[in-house]
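Enquirer: What follows is the residue order along each chain.
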Amino acid sequence: MTTVTKKDPVFVVVQLSGGNDFMNTLVPYNNARYYDNRKFLNISADEVLPLDSTLGWHPEMGPFKELYDKGMVAVVQGIGYPDSNRSHFRGMDIWHTCTPFEVSTVGWLGSVIEQLDPNKENPLTGVNFGVGLPRAMSKAGVPVTSVSNLDEYGLMSGISAQTQRNKALQIFKDMYGQAIGSGPVMDYLSRTGKDVISGADLIKVAPEKYESTIEYSDSAIAKSLRDVARVHTADLGTRIFYTQQGGYDTHANQLPTQPGLFRDLSRAVNDFFADLEEHDSDDNVIMLIFSEFGRRIWDNGSGTDHGSGGGAYLVGKPISGGLYSEYPSLEPDKWAKGEDLEHTIDYRGIYGTVLEQWLGLEASPIVHGNYEQLHPFKIN
Amino acid sequence: MSINDLALKAHLLRRAGFGASPSELEEISNKSYEEIVENLLNPDGFDDIDEDYVRRYNPELRYPDSHPLHAGHWIWRMINTNKPLVEKMALFWHQVFATAWYKSEHTPSQITQIETFRKNGLTSIKNVLFDLCKDPAMNYWLDNCENHSDQPNENWGRELLELFSMGVGNYSEDDIKHASRAFTGWTFEQPLPLYPYGNYETSFVFDEKDHDNGEKTFLGRTGNFDGEDIVDIICEERATFLFISRHLYNFFVEDEPQIPAWSIEPPKNPEAINAMIEVLMNNGGEIKPLMRFVFNSGFFKESMYKKIKNPAELVAGTLKLSGTYGIVPQTGEQVEKLYSAASVMGQAIMNPPTVEGWHTGHEWIDGGTLNERVNFAVNQFNDFSVPGLADILDRLGDLVPANQLLDKCLSIVGPIELGDDAYKALKSYADAVGDIDLSTEESRSENVELVARMIQLIVSTREYQFA
Numbered sequence: 001m002t003t004v005t006k007k008d009p010v011f012v013v014v015q016l017s018g019g020n021d022f023m024n025t026l027v028p029y030n031n032a033r034y035y036d037n038r039k040f041l042n043i044s045a046d047e048v049l050p051l052d053s054t055l056g057w058h059p060e061m062g063p064f065k066e067l068y069d070k071g072m073v074a075v076v077q078g079i080g081y082p083d084s085n086r087s088h089f090r091g092m093d094i095w096h097t098c099t100p101f102e103v104s105t106v107g108w109l110g111s112v113i114e115q116l117d118p119n120k121e122n123p124l125t126g127v128n129f130g131v132g133l134p135r136a137m138s139k140a141g142v143p144v145t146s147v148s149n150l151d152e153y154g155l156m157s158g159i160s161a162q163t164q165r166n167k168a169l170q171i172f173k174d175m176y177g178q179a180i181g182s183g184p185v186m187d188y189l190s191r192t193g194k195d196v197i198s199g200a201d202l203i204k205v206a207p208e209k210y211e212s213t214i215e216y217s218d219s220a221i222a223k224s225l226r227d228v229a230r231v232h233t234a235d236l237g238t239r240i241f242y243t244q245q246g247g248y249d250t251h252a253n254q255l256p257t258q259p260g261l262f263r264d265l266s267r268a269v270n271d272f273f274a275d276l277e278e279h280d281s282d283d284n285v286i287m288l289i290f291s292e293f294g295r296r297i298w299d300n301g302s303g304t305d306h307g308s309g310g311g312a313y314l315v316g317k318p319i320s321g322g323l324y325s326e327y328p329s330l331e332p333d334k335w336a337k338g339e340d341l342e343h344t345i346d347y348r349g350i351y352g353t354v355l356e357q358w359l360g361l362e363a364s365p366i367v368h369g370n371y372e373q374l375h376p377f378k379i380n
Numbered sequence: 001m002s003i004n005d006l007a008l009k010a011h012l013l014r015r016a017g018f019g020a021s022p023s024e025l026e027e028i029s030n031k032s033y034e035e036i037v038e039n040l041l042n043p044d045g046f047d048d049i050d051e052d053y054v055r056r057y058n059p060e061l062r063y064p065d066s067h068p069l070h071a072g073h074w075i076w077r078m079i080n081t082n083k084p085l086v087e088k089m090a091l092f093w094h095q096v097f098a099t100a101w102y103k104s105e106h107t108p109s110q111i112t113q114i115e116t117f118r119k120n121g122l123t124s125i126k127n128v129l130f131d132l133c134k135d136p137a138m139n140y141w142l143d144n145c146e147n148h149s150d151q152p153n154e155n156w157g158r159e160l161l162e163l164f165s166m167g168v169g170n171y172s173e174d175d176i177k178h179a180s181r182a183f184t185g186w187t188f189e190q191p192l193p194l195y196p197y198g199n200y201e202t203s204f205v206f207d208e209k210d211h212d213n214g215e216k217t218f219l220g221r222t223g224n225f226d227g228e229d230i231v232d233i234i235c236e237e238r239a240t241f242l243f244i245s246r247h248l249y250n251f252f253v254e255d256e257p258q259i260p261a262w263s264i265e266p267p268k269n270p271e272a273i274n275a276m277i278e279v280l281m282n283n284g285g286e287i288k289p290l291m292r293f294v295f296n297s298g299f300f301k302e303s304m305y306k307k308i309k310n311p312a313e314l315v316a317g318t319l320k321l322s323g324t325y326g327i328v329p330q331t332g333e334q335v336e337k338l339y340s341a342a343s344v345m346g347q348a349i350m351n352p353p354t355v356e357g358w359h360t361g362h363e364w365i366d367g368g369t370l371n372e373r374v375n376f377a378v379n380q381f382n383d384f385s386v387p388g389l390a391d392i393l394d395r396l397g398d399l400v401p402a403n404q405l406l407d408k409c410l411s412i413v414g415p416i417e418l419g420d421d422a423y424k425a426l427k428s429y430a431d432a433v434g435d436i437d438l439s440t441e442e443s444r445s446e447n448v449e450l451v452a453r454m455i456q457l458i459v460s461t462r463e464y465q466f467a
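Those protein sequence lines, which keep their order, are chains F and U. The C-terminal residue of the first sequence carries number 380 in my numbering, and the numbering is unbroken. The C-terminal residue of the second sequence carries number 467 in my numbering, and the numbering is unbroken.
No lab work stands behind these hints, which were simulated from the structure alone. One or more of the hints may lead you astray.
Covered, in the sense of this in silico footprint (three residues per stretch, anywhere, with C-beta under 8 Å from a C-beta of chain U), are these stretches of chain F [as the list claims (entries may be wrong)]:
1. 110-122
2. 195-208
3. 244-252
4. 261-273
5. 290-303
Values in this document were obtained by computation on a predicted structure and should not be read as measured data. For each residue, glycine too, the CB sits at the ideal point set by N, CA and C.
Bound-form chain F, shown alone (with noise of 0.2 Å):
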């Protein structure tokens, strides 16, 4: 496998929790089937910002037509997987664990960690952003570090006398053993203790280095990928990173819910790429950026139920922009379950090709099969 970029590829994931409609973010604005459809929660031709002659950008997309106009964007249209599973709690499993039939607790960005750093060596390999760790990044064994503050994490930082903690941590440290024999819970505990130790030792330098002029807006996902941003200019060894937006469930008040959760969005991974150019370290980064479901064909008069056929984007200074793959077809005798968009490219061909051609690895192990790939990455 080879990869498009010299230094070590670095991955950024960004979830929209939820469940996307991808009908309003990118509007097939021309087409009648999809006025005839959304009665209610249509975005008519005069608002979109036009990508070209039959698609348009949600108006509160701007800030992320932009980087698609610097050619930093590639639309994955119509992404999704056959039969789709319109549960979120499945939804969201099986595009974290490429396991749509079975359930599994292995993410594939965990098997991805692991590959990335067999011998462990860097609890700062994969960093998760926010409260919890996604099942993404999971996988029995690897080290992942997951940060809800930055600016105070760390053990025992509470205790304000250093020798008197760095005392208390050592006691910590061996009270959380060996980690064998113990029973799976206690090796799991065992093993993340330390790794907190370890990557709270490491990722305590960001902060203090980090200087920009990027003011990021005051929302949570902006926050999280400033602290994408913090760690990945630090030069920590961080290959993978992982955050999410939430609040795209909307069943019901679409029209006042969406527009704010793409303020927020386009705003923040605007702002994301321009601290990355900032610091001259966006030559080795890509971002995704998916929803675990696109929704119904038809609005119920106040927002979408769930579907399938979303689309998923990746962005980056890497990324040769433009549409990829096929909107899916607005024509009935297309849709999937007769309600739903079908899906025109499998997710786990968009996991390959970033595996493949930009991290480097062989994707069908983590993606369990082959699925067809696409080239989005620019030749060097």
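Given the structure of chain F, go ahead and fit chain U onto it with the hints provided.
Expert: Below, chain U without anything else, positioned relative to chain F:
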């Protein structure tokens, strides 16, 4: 009385409540285990919590506006209640019927929902589900207010079956569609606008004009069903008893695999689950007899430390030990801090991440949340003047020989059992400290730090993460 007997009672109170302070444990030590179970199940004879002081110190509690404040108030109740199982059942149903504030931003209906769980938590499954169907917070959360006769919205119908009663694999997509139609017109009264006077209550409304009176076919039965009929039918299904039993087992007895795996992975203890289903069937789906059966069962008594504490349990249990956030709050003890504490450990009370609720068991723990759990517990003993430490010093006696410090502390804190690694590490700390003199005021204030450090280390252990 043997230590094992006391350990078992402490186990019961960690599971059926939020743990016990050393003095609470002492109070019940002469009651039989069975008697304690009956007291938990029949709380009517116990005093309601004295809220005078907490309301004086947190005056904003009179307004149903800030959800962190009210969620924190709930955790304060978990610490101080005389009816711990009432609060624990409410937390259980909140976990199963996960409803979040972030969508409605309407605190009064969230407060009402939890109050409903306090009242009905030990009644029957059918009763609990009926109340849930008419609960405005749930109604809005899963969009049943947008479920109209001419335009059904399936969200509530789907989750009622998938997450709240039967579990996947026990119904079809058509059943979801028909169940959703049966709930058309079940909505709530539009509350007064937020501005300028703040949040107002709302209540359930049945809008007959918006109800689909057509024939529905649900789980093989056909008729002009409405929502109550759907719940009746759900409660005839063994799948519902199985699903609720697994939830109860997972919450009160032993960590199970996460819910998405339930349709594939069998229960860890199928005999226990079958016995629980049997008790439910023989008692018309009543929960109180089931909980009596569970708490008195062998499998429950053998389940000590087989569950990771959820953040609310960790926060409330630790504060019982430090003796802070009591009936009379001290300076700086604003209840919303309790919400923040559990929240950064991954459990934002009244604000779960999605309708699926929180992932439990070892999924409570990752690098970030372990960091928060340990730091929270440690920080409760940074102030050497907390009442819990004074109480611990009293119990240790005038002179604590180095070789007894650890065992004494472990029995006061739990009783808690440590594995070899932690025991050895703490033993070496105790040896380094040497004998501790607590016989005079002066020596107490000089040496309290040594004891506090021991307690801080004990609450940092892996073992302390288990309920």
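Enquirer: Each hint should be assessed against the structure and marked as holding or not.
Expert: We went through each hint and held it up to the structure:
1. 110-122: With 0 residues in contact (Cβ-Cβ under 8 Å with chain U), the coverage given for the stretch 110-122 of chain F is violated.
2. 195-208: holds (count 4)
3. 244-252: holds (count 5)
4. 261-273: Per the Cβ count (0), the hint is violated.
5. 290-303: Result for this restraint: holds, n = 4.
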